[in-house]
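First to last, the protein sequences are chains A and B. Residues 1 to 319 in the numbering used here are what the first sequence lists, from first letter to last. Residues 1 to 635 in the numbering used here are what the second sequence lists, from first letter to last.
Since the hints were made in silico from the structure, they are not lab data. Cβ atoms here follow ideal geometry from the backbone N, Cα and C, with glycine treated the same way. Careful, some of the hints might be misleading.
Only some residues are given here: those of chain A computed to face chain B with a beta carbon under 8 Å [stated by the list, open to error]:
| hint | residue |
| --- | --- |
| 1 | 50 |
| 2 | 82 |
| 3 | 130 |
| 4 | 242 |
| 5 | 243 |
| 6 | 308 |
| 7 | 313 |
| 8 | 318 |
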Amino acid sequence: MNRYLYIIFFLLASRIPLFSQPAPAAEENIPYLITFGGNAETTWGDDDFCQIFFCVIPSSQTDPVYIRIFDPDTGGDLDELKAGFNTVVNFSIYTGDGCWSDTSAQSIYLSGNFRSGYLASSKSFGSDPKYNNKWYSFGPFNPFEGENVDKLGGRVLKIIAQGISGDDGNIYKYFLSTSPSENIPVEGGNFFTYKYHFRLSDDQKHVCQIYPFVDEEAISIEISNFDWDNDGIIRIFSVAKNGYLCDVSGEDNWVVRKFPIVSEEKNSTIEIQFIKNQFEQIRNNNVVVAVRNQYGIALPFYVIPIGGIPVYSPKIRMR
Amino acid sequence: MRKHFYIIFFTTLLTNVVLQGQSQGFIVKPTPFSSSTFDEFSPVFYEGGIVFCSNQSNNSLVSYQDEQSRLFKICLVTKKDSTEWKYPKLFSKELTSDFNDGPVTFSKNGNFIYYSRNNSIKNLLRNISDTSNKLGIYSAEFINGIWTNIKPFTHNNQSNNFCTPSLDPDGSRIYFSSDMPGGSGGMDLYYCDWRNDDWDQPVNLGPVVNTQKNESFPFAGRYGRLYFASDGHNGLGGKDLFYTREINGDWIAPVHLDSAINSPADDFGLVADSTFKYGYFSTNRRKSDDIFSFSSPPVEFASCDTIKEDNYCFTFFDELHSQIDTIPVIYRWDFGNGIVRTGPEVSHCFPGPGEYSVMLTIIDELTGNVIADKVTYKAELENIKQPYINSYNVSIVDKPVFFDGQKINLIDFRVTDYLWNFGDGFNPGAPFMSKTFKNEGEYTVRLGLLGEEDTLGLIPKKCVMKKIRIYDNLQELTLKGRGEESEVLRVTEPVGEQSKAIPVKIYLTDDLPQNQNAGIKEVLNKSGLSTLKFDQYGVTSSSYQLLDNIAGILKENPDTRLEIAIHATEDRAPGDKLMLSEKWAQELSRYFKTRKIGMESVRCKGFSTAHPVLKPSVSDNITIDGIIELIFMKK
């Protein structure tokens, strides 16, 4: 069975009320997304200065929707300053056929036509107090403008945040709303990305987690993390994994660790957990994470985990 | 009384249900002291000869006669030599009445006789057609060469017949037949137990044995077999011989004896040796009642399987958990009854077969979160389907070794016979046997079981075997140092759990080389402990030192084997004692397993009471309570 049917099934069967959440979602315990300016150094935690998110609008949603961005500007006390704010970041919304289905759009590399689809709206933000700590709404978008993907149970829009210039870090988050002025969730909506760029909490007690969905073809996965800065440990939970440790990256480098996938984990969500260094406080740590299967195909991170948060099911045996 | 009185009660024409019995090849032939013109029946063994009933005309006191004017008297026949018999004679004048006498049964020492006869033996009351003179059971004592002190059986009455008595081998129970009210019809089998210097109330053997027709002529053989004659059970015709056995208070369905013994005529009044290898029975297949002898071929079992030990100790683990120490999780296993063990892999011994629930909770050591909460695993433990011989594996010459064959686990197999083979072929025996070996060496003991005949007339068989090592002597090692407890102690462990300290006796067999012998002594003395302690979790930490020393010995001496026999304490219900002993045996097995000592090097067995310790100076009559015997021996 195709993995997407499983996704639809889980979307329908999940007991968790599926409302469009902020991206990052509350369950992830991730404070913000981050995209650095195009002239930034990768040592600051962004390998390509571009973040691509998709939002799924369920077929049942026929009223217009808005993609809202919190703190889209690059300035103020939330963003990461590097010797004076000089950064411009562009947010673009893509709709229509190919915005998701083009393989370039699902790649973790910015190659080919990753801006596939129709550009529906675009705006660049510099340092502008007007948008500092405030929500900016793209839209309205007729849900039917999105690429119809039956496999995902609705229509898909793509949001690309790309650093144009400057070297500061733009910190922000998204919300899929039915209102341009407030965050009213779209029931059944969800965000997902294939390469997650995010800012960790500075609180050592906070544990962040993200939720890639493992397809049925996977027999192994490679978890890559970039610029973890040795900020504690990264580990995996799933129905069949009870905290396997990942290798962690240091400053400005990628680390890849391969894990076998057992049958129970196919078509299910796994949890990648980030536990901060308990001995030394590391602030403003930004990290990039991607997961690919044995074919190199990137697996999506859903902000609302498909099928719910995975619960480890030990396989008790006696001998 | 006429012979036909017996015929009325003991001989009934059966319906024409012909059951083609499966012949085991018994050799059956008439005895030379049986005549073709007279009747002889109901033989019993007596001092090398045979006592039986006969109407042979060997006296002139004929009065209360049968149709051929013959009375039934108690006769004795003895052997002239190994093959020839003397001429029968009257057994006892004192026991001879003017009426019919017999059949009889004797106590084990031959000094008491129980026999049936008419209640009224006054000549004046004699009337050939009088059936009101019922049969009763009488006893007599052999004092100074004569039978005297003749007494009626407590339960005799004038309205009903009480006859064909048979004492069981130890004289504590008497079987007989009676037509007293409350039975199944006709003559029924009853027994009375000897209590408070008299015979207790008669107990009917119940509908499995007794039918609407007649069951009579019981013979209580050794090992619990009760032979009897019946015309109410399916047989070959007339009265046939059967046997039954009381198992856990129930009588098994009667087993039809071999087709060579039974016939379409009346077959009854059987006596056999303890092994049922030879005996005598009564039959009218030659028209008159005659006593036939029978001898049986040895019972054979095609194959005997070596006993496999049941194991209730298991290691539990999570198959998905990778055995890498970088996963900081706590595995907490709850085995019920407050027993919780922690670790990704834990060992646990269950008390025995049954269904158990094991609950696993996994806790994230870093966050304290519960990763898996009370995940339940159902463990179903079954004993190996086999007969079983519970016994010591080691003993010494001239010391009885006890063999318990009752712990069997077979489905759809109801045991009718226990046959033991101690090297001299299979012989019928009791579920529980003892055997004294006269020479050192290794013996193979086999237990064969026969089951109830199936619908095809086949008798199922099962057989197991085990090896017993017998030594001339066992050297007892007295441990020096602390803990010289001679009795079971109750101590309180630091954790507050009640534990029991069981004294340990250590023996070394004489086949261990001297230097090995000395080395074992030295190591064991180092621990300075002579007890092992158990609590609800198993063996306690205070015993680890001694056990680790033992494990060390077995590792350093791979040619050495250790047999452990555990006799639990008496302070629980008797039924629990074997279970507790076995549980502790399992716990010790588990402990040695964790120390990488396999079953080829150590075997632990639990026993109930009544086993004497191996120490030769201890009387066999002493029962042992609360002791652990360790026997080091060469593999």
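Outcome of the hint check:
no.: 1; hint: 50; in the structure: violated (33 Å)
no.: 2; hint: 82; in the structure: violated (33 Å)
no.: 3; hint: 130; in the structure: violated (41 Å)
no.: 4; hint: 242; in the structure: holds (6 Å)
no.: 5; hint: 243; in the structure: holds (5 Å)
no.: 6; hint: 308; in the structure: violated (15 Å)
no.: 7; hint: 313; in the structure: holds (7 Å)
no.: 8; hint: 318; in the structure: holds (4 Å)
Taken one by one, the earlier hints fail for this structure at numbers 1, 2, 3 and 6, listed in ascending order.
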